[in-house]
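*Asks:* Single-letter residue listing:
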Amino acid sequence: MRLSKQATLLVLAALIVVAPIFFPSGYYFRVGSLLFVNSLAVVGVVILTGYAGQISLGHAGFAAIGAYACALAPVHLHVHPSIAAIIGAVLSAVVAYLVGRPILRLKGYYLAVASLGFGILVSMVLANEIAITGGPDGIKVPELGLRAVLADWGLELTNAQFWYAFSGLVLLVGSWLALNLYNSPTGRALRGLHESEIAARTVGVDVAQAKLVAFMISAVYASVSGSLLALQNRLITPDIAGYMHSIEIVTMAVLGGVGSVLGAIFGASILTLLPQLLTVFQEYEQVMLGLVMMLAMIFMPRGLLPSIVGLVRGRGE
Amino acid sequence: MLSVEGLRSRYGRIEVLHGIDLSVGSGEIVTVVGANGAGKTTLLRCLSGVQPVSGGQITFRGEPLTSVPAFRRIQRGLAQSPEGRQIFTNLTVEENLRLGAFIYDDDRVGQDMQDAFAMFPILRDKRDLPAGGLSGGQQQMLAIARALMGRPSCLLLDEPSMGLAPILVAQIFDVVKNLKSLGVTVLLVEQNAFGALSIADRGYVMETGHITLSGTAEDLIADPRIREAYLGV
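Protein chains in written order, with the working numbering: chain A, 17 to 333; chain B, 5 to 237.
Chain B with its partners taken away, still in its complex shape (with noise of 0.2 Å):
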């Protein structure tokens, strides 16, 4: 689905991304975990287009993707829950929504709205109120039915538990956890490793600008380096 191969990353003079390789495959969450400045957000931010590439690939779906403008990937199938969410906070829940699919215009629109209420119900109940006033979590929803709504077959999500109390956190992976059944194949950035891996397939672990261990998340859990440095067991 989404392959990586070499790709770096420079803020200026100064290289973020040294070289980063990963593959996602259809159908899998996969999970990059690692430590506040790893380079996880930067990673996404190529993938979106939002940040120049200075080498390496992306490919995705067989046809590269590197130089495709960020506006024209979501048309390809990758969607996108940026960092901090950013949902339209001035504009009601419905027109966040109806922004989400607005390369659309085509009668699945209500349907695939339908469906996003029917995953968030409270986002059905607010949806003629302004997404600013939503709380934190309802905002995280909100992003990423907002997302859904492209009809995305690759879901890219930063750092979706954020700010958010436990128990909030928990129902957010549920979520990503249920898109796998949606058929939506999601590339999970995350320094909540924990969380993240018990829900992912597979996990690559990011630190300072290089992918350091990859594996199954299995592995990567029992893995007594992650434990130490991520797990804090």
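Chain A extracted, bound-state conformation (with noise of 0.2 Å):
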């Protein structure tokens, strides 16, 4: 049933560099380079969710994070918006273990019920505090620069060429991360907990803390994923704070199949990709893609991709 992690990053590679070639417009490297970004933060649900058990409502908070990091840190400490992104993955880990820690020593909804308040918090703070954040109007971010050191060596691309490839990388490294984690004795052990808790603290893990540990590393996914979208768009608003992004993250994840990154990662590309398909349906656009979720979930409760495969290999027997 699981496809083993060399099959999933193979196939993960070969959908990134083969889609091009169908893209009618340059415009679909700026959807696909969207989707990667999305993908990265739902690849840290997998994490989280998927083997952990423990759910996330304020995703958005930690997008923001490393998503302002790349705005304000070249201005005041004079840094390359590369080390930006990496100090907002560093603050993001720090807040998540700050924002975890009380918590997750508890068993059951709490985190998601914090997650959802600290995601508040931080919207309301980018929203008020326009000395700094430039409040809802939003704050302009400085160019990334490697696409030009990639024109000097002779490679020429575009920025949305440019962008969806660089993503798609990032995707590509962030889920190879992900699947190893899978495999190593910490991911054992996230996915023993989210079983059975007593089983895994009689055999030794310490359940807290390794919870805690599933909350920052998909912390810093979300701020990574973040960063990207602030280094790509230019221009970053408090909006990508909301908790309508919180949930939208989550909701990615599950519809593919929150077990595996191929699964999520599915999710995350009907879910972006849906909106530009549904707009035919105009005013009535959103209740459509209600209509979608919803039938998804009470037909295919194990998330798509895993109730596709589970239905073509039932028809194949």
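Treat the hints as calculated values from the structure; they're not laboratory data.
Just so you know, these numbers come straight off a predicted model, no measurement behind them.
Glycine included, every Cβ here is placed at the ideal spot set by N, Cα and C.
A hint or two may mislead.
As the list claims (entries may be wrong) - Covered stretches of chain A (in silico footprint by chain B; criterion: 3 or more residues with CB under 8 Å from a CB of chain B, positions within the stretch not fixed):
(1) 193-206
(2) 217-228
Said to hold, decoys possible - Pulled a few chain B residues facing chain A out of the computed Cβ check, cut under 10 Å:
(3) Gly-10
(4) Phe-75
(5) Arg-76
(6) Arg-77
(7) Ile-107
(8) Tyr-108
(9) Ala-151
(10) Met-153
(11) Ser-157
(12) Leu-160
Hints in hand, dock the two standalone chains.
*Replies:* Shown next, in the form of structure tokens:
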């Protein structure tokens, strides 16, 4: 049922490389890079929710930390935007530690509620601290500069092509790390405590600490995804921290199949592309989107990809 | 090896263990038998650290254990096969065993796994399958094998015979009996008093949160009160 690590990465790499052949216009590079950025955050959710069984409704807050780090650190700390993204990732991990530590000792839905509050807090700070963050109008983000370096080496890419390739590469690396984690002792501990915290404790897993590690790792994924979005948009607004964005990230993962990296990326693809297709329904677009999600969860509760694979296998036999 | 003095525990305001005293010597198989609801599982939960203790002392290998967190007890050499087995059903058999050796990162893990497969050959055949697909008896074998992967000096077993067909029950009790030859001390909690007492060195009888009777296994099996209440003869 599960694809091996190598097969998953190969499928993913092949899709990223081959897809542009079918792009009718340059605009699709932009759609593709947005999809990769969303997918990266969703792979983080696979680690937190798929492996460890914990739910966060505040991941947009970490995406915002990553995004605003790229806008603010170059101006105030005079660092390169790439260093700013790393600062954002470290800051996200620290904040995840501070938010998660008191909560993850408890069993239940506390993390979902507390992280929801954290996300709202971040978006309010971003909207109100106008002097620093630019408020609701947003703030400009400096150019990463990598595209110019590539051009010097003779690799000329349009802006959209560059961000497609770069985001795709980061997604591959992120997926590779997540798949390595799956088969590591820590990954087994997370999947074990997901099923039985008591059994995990009896074999020596510090359950509270393991959950905290998963929360911090997934916060870093969200943060890097926010940084990538900020750097390619060159402008960032507090919308990125909105709780709808948090819910979107979780929905993508659950819709596609939160247990596997490929499934979650599939969910991200559907929810990134579907709104583009559903524009034919005009003002009913949101209604249709909600309907599709409801039907998918009613008829395919394990997520789209595992259910589809199951159907295909069932027919093949 | 393990000694318990005046152990009390409560769920909310209701006390369910009213001062338990028991001891397990090195290399012994000791069983705690009693009816459903006597507090046997609560006792084991206290020993493994997942149930708060409201009074009394637990001492393990000469050191106090009462305030050691659950996940550190395996490092002291105390392993557990919890109530209802609690195997990781979505993980493969091999992953379950590897997680049993979570605190170790050395070459002996592979050897320990081979030993587990030698003890339970069926687990070798199913090593790459999800543990949820195993039968009840196989799951119980996996739960014991997983606990042994932690290289315990003392193993706590909670109702290993629960829900198994009689032939499997006999097989599981055989396995428990053989743990002695591996140098593992066993504390076995069981409703199946006859099966447990027939492989144990000593036994305790538990009723509504008290130890009411204790002695060698032979004496307990021969005791008319036990025969009437638990052995159905």
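*Asks:* Identify every previously stated hint that the structure contradicts and give their numbers, smallest first.
*Replies:* 3, 11
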